[in-house]
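There are 4 protein chains.
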Amino acid sequence: MTDQDSMAKINQFRDERHWRQFHNEKDLAISISLEASELLELFQWKTSAEAKQKPERLKEELADVLIYAYMLADNLDLDIDEIIAAKLAKNAKKYPVATSHDLKETKHHSFD
Amino acid sequence: MTDQDSMAKINQFRDERHWRQFHNEKDLAISISLEASELLELFQWKTSAEAKQKPERLKEELADVLIYAYMLADNLDLDIDEIIAAKLAKNAKKYPVATSHDLKETKHHSFD
Amino acid sequence: MTDQDSMAKINQFRDERHWRQFHNEKDLAISISLEASELLELFQWKTSAEAKQKPERLKEELADVLIYAYMLADNLDLDIDEIIAAKLAKNAKKYPVATSHDLKETKHHSFD
Amino acid sequence: MTDQDSMAKINQFRDERHWRQFHNEKDLAISISLEASELLELFQWKTSAEAKQKPERLKEELADVLIYAYMLADNLDLDIDEIIAAKLAKNAKKYPVATSHDLKETKHHSFD
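From first to last, the protein sequence lines are chains V, A, B and C.
Take the first sequence: its position 46, counted from the start at 1, is 46 in the numbering used here, and no numbers get skipped.
Take the second sequence: its position 32, counted from the start at 1, is 32 in the numbering used here, and no numbers get skipped.
Take the third sequence: its position 77, counted from the start at 1, is 77 in the numbering used here, and no numbers get skipped.
Take the fourth sequence: its position 27, counted from the start at 1, is 27 in the numbering used here, and no numbers get skipped.
FYI, nobody ran anything at the bench for these hints, they're computed from the structure.
Hints are not guaranteed to be accurate.
[Unchecked claim] Simulated crosslink set (DSS-like; lysine-lysine; CA at most 25 Å straight-line): (1) C:Lys90 <-> B:Lys9; (2) B:Lys59 <-> B:Lys46; (3) A:Lys54 <-> V:Lys93; (4) B:Lys93 <-> C:Lys54; (5) A:Lys9 <-> A:Lys59; (6) V:Lys46 <-> V:Lys59; (7) A:Lys46 <-> V:Lys9; (8) B:Lys59 <-> B:Lys9; (9) C:Lys59 <-> C:Lys9; (10) V:Lys52 <-> A:Lys46; (11) C:Lys9 <-> B:Lys93; (12) V:Lys94 <-> A:Lys54; (13) A:Lys94 <-> C:Lys46; (14) A:Lys59 <-> V:Lys94; (15) V:Lys9 <-> A:Lys94; (16) C:Lys93 <-> B:Lys59; (17) A:Lys46 <-> A:Lys59; (18) V:Lys46 <-> V:Lys9; (19) B:Lys93 <-> V:Lys94; (20) B:Lys54 <-> C:Lys94; (21) C:Lys59 <-> B:Lys90; (22) B:Lys9 <-> C:Lys9; (23) A:Lys59 <-> V:Lys54; (24) V:Lys52 <-> B:Lys46; (25) B:Lys94 <-> V:Lys54; (26) V:Lys9 <-> A:Lys59; (27) A:Lys9 <-> V:Lys93; (28) V:Lys59 <-> A:Lys90; (29) C:Lys9 <-> B:Lys59; (30) C:Lys59 <-> C:Lys46; (31) C:Lys54 <-> A:Lys46; (32) A:Lys9 <-> V:Lys94.
[What the hints assert, rightly or not] Covered stretches of chain V (in silico footprint by chain A; criterion: 3 or more residues with CB under 8 Å from a CB of chain A, positions within the stretch not fixed): (33) 15 to 26; (34) 40 to 54; (35) 71 to 81; (36) 88 to 97.
From the three backbone atoms N, C-alpha and C, an ideal C-beta is built for every residue, glycine too.
Generate the whole structure from the sequences, applying the supplied hints.
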């Protein structure tokens, strides 16, 4: 990325508005969950194909999930790329490549 | 970032396991919501300060939210940084800096 | 019902354990949301038909949603049957019978 | 209850509108989760005391959670009072009265 990165933009957004004082971690976690529901609502009573007919809303709600997730990461002094890499490494141990191709085994995979 | 970026790592993870066939967008949206709940569970019956005493779990659950959010973005051909920037621009119109400093106005801000 | 009703049983359960002191309304609302996710998790990557093959888990997770919803109603001095009747009356105005039979109109119904 | 009970009213509501055809169990579980989030949203950035200043909205959102939970119970041929009683009995084994009074043990109780 050559431009200012997402985390910096998000922090600038909340700092310009003096909002960090409200952003305790519990309410940020609530906010992530609420935005995830607004995203999920676009799929209520629909198939994936039907829901994808509203790409603008999908884009916005997914962005809101990410924005709050980035804010919580920043509050907790976490690096996005580092925590993703660490969790992928842990998930890889739970689901080794060699034994995770079979439908019955993997269809219902869940990260802990 | 000089190393392989997060999106590439996430896609490699699911492609090595042939999981993309299961990753329809509706179930990915469900997964984001479920992981957001697992994150929120770490705050159940607790203050933010109490919850932060388990940083390892917070790190992992937040990473799972991000991993599924990135997967859905990839399925929808969306660029993470672009959708964040576009949504911040929209939120900025809803909450102009000049009028968003006051507690009464801004405490209960919500992105649409 | 001839036996002690559900609300009385739920209150007895928490009072015997002296738990009401922890049951502030915000955390009860969080708990309802978490239990709703545990219920939803039984449908992750599955069709309804597949999920119904685990009736025991469905029964338990649905019961947990109800138990926390009843607790919150009790904390707020609300009568379950009254608030359901009042909301149905409101929903009925939003979706009149005469105009709510058509697929296009009603498939994506949502209560406010 | 001397009047028509809640379950009967809820079923009448959806049957008059011919909505049962849309009410597959997976989307009902999604709906419960979405309504739980709308309820939780009333607590976002607030204390319990602040949120209780909007009793009308709390009443309505809690009712929506209950309405969808009752619909799913009906779809699955489950009796509300029975599944609550069965789950309370199971929870009682996990948290025996005699050992569940202590703050450290019980504050972070969670039903499975």
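#### Entry: Hints that the structure is at odds with (numbers, increasing)
7, 10, 18, 19, 23
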